[in-house]
Amino acid sequence: EPEVTQTPSHQVTQMGQEVILRCVPISNHLYFYWYRQILGQKVEFLVSFYNNEISEKSEIFDDQFSVERPDGSNFTLKIRSTKLEDSAMYFCASSELGQGYYGYTFGSGTRLTVV
Amino acid sequence: GENVEQHPSTLSVQEGDSAVIKCTYSDSASNYFPWYKQELGKRPQLIIDIRSNVGEKKDQRIAVTLNKTAKHFSLHITETQPEDSAVYFCAAGEAAGNKLTFGGGTRVLVKP
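Chains as they are written, first to last, in my numbering: chain A, 1 to 115; chain B, 1001 to 1112.
No lab work stands behind these hints: they were computed from the structure.
Every residue, glycine too, gets a C-beta built ideally from N, C-alpha and C.
Accuracy of the hints is not assured; some may be wrong.
To be verified - With a cut-off of at most 30 angstroms between alpha-carbon atoms, the simulated DSSO-like pairs for lysine-lysine come out as follows:
| no. | chain 1 | residue 1 | chain 2 | residue 2 |
| --- | --- | --- | --- | --- |
| 1 | B | K1068 | A | K42 |
| 2 | B | K1068 | B | K1111 |
| 3 | B | K1022 | B | K1037 |
| 4 | A | K42 | A | K83 |
| 5 | A | K42 | B | K1022 |
| 6 | B | K1058 | A | K78 |
| 7 | A | K57 | B | K1058 |
Stated by the list, open to error - Derived CB-CB ranges, DEER-like:
| no. | chain 1 | residue 1 | chain 2 | residue 2 | range |
| --- | --- | --- | --- | --- | --- |
| 8 | A | G16 | B | Q1060 | 43 to 53 angstroms |
| 9 | B | E1039 | A | P2 | 14 to 24 angstroms |
| 10 | B | N1067 | A | V24 | 33 to 43 angstroms |
| 11 | B | K1071 | A | N28 | 32 to 42 angstroms |
| 12 | B | N1067 | A | G72 | 34 to 44 angstroms |
| 13 | A | P70 | B | T1078 | 42 to 52 angstroms |
| 14 | B | E1056 | A | S81 | 18 to 28 angstroms |
| 15 | A | R69 | B | S1009 | 28 to 38 angstroms |
| 16 | B | S1018 | A | Q41 | 39 to 49 angstroms |
| 17 | B | N1067 | A | S55 | 26 to 36 angstroms |
Claimed, not checked - Taking beta-carbon pairs under 10 angstroms as the criterion, some of the chain A residues facing chain B (in silico):
| no. | residue |
| --- | --- |
| 18 | L46 |
| 19 | S55 |
| 20 | G109 |
The task is simple: from the sequences and hints, build the whole structure.
See below:
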C-alpha cells in the first residue's frame, strides 16, 4: 500500500533555530497538507498546498512557517525561528484529486522538540 | 470556520461491549466526515468515513451514522476487543483539497 514518508522521525532543535521537515507524498497525489499535534491534544490543520501554491492556511501558520515543493517529489515545512511552543508532532498528508478526500493519507509524523 | 466537538473524552468499556463516540460540527457546508484511530506515537489511521449523501455506513464491527439536520455524527464499535484501545478522532471537511477539522479525541480503553 502506498505511503506518505516523513523525515526525520524525531528532531531536537534549539529555540530560535530553523528546522525543515520533509515529506514525500504518494506519487499520484496532487493535494498536500501539514498538520500538527501537540502532545495529548487534537490534530490541527496548518496548511494545504495544490498546484505549487498554498490553497489554505490556518492562524497557526504565521510568517515563521513556509512550505514548498522544491523538486516535484518532496514537500517541506520550514519553521524559520523555532519557539518552545512549536514542540509537537507534525504530520504530512496527501490526497488525490477527486471527489472529496479520496485517498487522504497521513505520514508517520516528525516529532519536533524545541529546547 | 468549522468547529468540531467530540464526546466523551475518555471511554472505558468491557471487552465485548459496544462503544459509542459522538461528534457535532458547526459548518453546514461540511460534507465529509472521517474517523481516525491513533495508537500511541503513531499516525492517525482512517477507519471509516461517511459523506453527506449517506446516513449510515457499516464496516464489520464499525458503523458511523450522520444526521445532517442536527449536525452530528457518531461512531459505533460493537463487540469491542482489547486491540480497539486507542484514541479516536472524528473530523469534518468540505470538498476535495480542503482541510479537515478534528475533534478533541476520545481515549477508548477496552478492558479484558
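Against the structure, the hints come out as follows:
1. B:K1068 <-> A:K42: holds, 23 angstroms
2. B:K1068 <-> B:K1111: violated, 33 angstroms
3. B:K1022 <-> B:K1037: Distance of about 14 angstroms is within 30 angstroms: holds.
4. A:K42 <-> A:K83: holds, 20 angstroms
5. A:K42 <-> B:K1022: holds, 15 angstroms
6. B:K1058 <-> A:K78: Roughly 40 angstroms between the alpha carbons, so the hint for K1058 (chain B) and K78 (chain A) is violated.
7. A:K57 <-> B:K1058: Distance of about 33 angstroms is beyond 30 angstroms: violated.
8. A:G16 <-> B:Q1060: 43 to 53 angstroms: Holds: the Cβ-Cβ distance is about 50 angstroms, inside 43 to 53 angstroms.
9. B:E1039 <-> A:P2: 14 to 24 angstroms: holds, 20 angstroms
10. B:N1067 <-> A:V24: 33 to 43 angstroms: Check passed, 39 angstroms falls within 33 to 43 angstroms.
11. B:K1071 <-> A:N28: 32 to 42 angstroms: With Cβ atoms ~34 angstroms apart, the hint holds.
12. B:N1067 <-> A:G72: 34 to 44 angstroms: holds, 43 angstroms
13. A:P70 <-> B:T1078: 42 to 52 angstroms: holds, 47 angstroms
14. B:E1056 <-> A:S81: 18 to 28 angstroms: violated, 48 angstroms
15. A:R69 <-> B:S1009: 28 to 38 angstroms: Once the Cβ atoms are compared, 37 angstroms apart, the range 28 to 38 angstroms for S1009 (chain B) and R69 (chain A) holds.
16. B:S1018 <-> A:Q41: 39 to 49 angstroms: violated, 27 angstroms
17. B:N1067 <-> A:S55: 26 to 36 angstroms: At roughly 30 angstroms between Cβ atoms, S55 (chain A) and N1067 (chain B) fall inside 26 to 36 angstroms, so the hint holds.
18. L46: holds, 9 angstroms
19. S55: At 6 angstroms from the nearest chain B Cβ, S55 (chain A) passes the 10 angstroms test, so the hint holds.
20. G109: This hint holds: G109 (chain A) lies near chain B, its Cβ roughly 6 angstroms from the closest one there, short of 10 angstroms.
Consistency note: the structure conflicts with the earlier hints numbered 2, 6, 7, 14, 16.
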